[in-house]
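Student: Sequence:
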Amino acid sequence: MIILKHVEHKIEDSDEFENLLSHVRETTSKVDGVEFKDIYFPKGKDEFILAMDCTNEDKYLEWRDICPPPLGAKDWYEVLLSKDEYFSR
Numbered sequence: 293m294i295i296l297k298h299v300e301h302k303i304e305d306s307d308e309f310e311n312l313l314s315h316v317r318e319t320t321s322k323v324d325g326v327e328f329k330d331i332y333f334p335k336g337k338d339e340f341i342l343a344m345d346c347t348n349e350d351k352y353l354e355w356r357d358i359c360p361p362p363l364g365a366k367d368w369y370e371v372l373l374s375k376d377e378y379f380s381r
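Residue numbers (this note's numbering): 293 to 381.
Pair ranges (Cβ atoms, derived): (1) H315 with Y378: 27 to 33 Å; (2) F333 with P360: 18 to 24 Å; (3) Y378 with S314: 29 to 35 Å; (4) D307 with E377: 35 to 41 Å; (5) F379 with S306: 39 to 45 Å; (6) T347 with E308: 27 to 33 Å; (7) E310 with S380: 36 to 42 Å; (8) R381 with L313: 30 to 36 Å; (9) P360 with E310: 16 to 22 Å.
In short, the hints are calculated from the structure, not lab data.
By construction, the Cβ of each residue, glycine as well, lies at the ideal position given by its N, Cα and C atoms.
Using the sequences plus the hints, can you model the full thing?
Tutor: Written out as structure tokens, the structure reads:
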């Protein structure tokens, strides 16, 4: 499944972006079943979205425990199921 983690936080510059990228890669390597895919920026919003490939939602939540959002930032997530995952329910 794909999980989109939305984080309401403006990344100010490329140094902050590189630090975030390094931190996310480091923390995802600590949880089997969680793979970081990419970071996206919704146009016109002070927000970024982490795209994660996870074996299940529990693995994502395990990762989130070691990688919470930046201090004071609001976050939420969406679960996207593949066709096979969707029809297996």
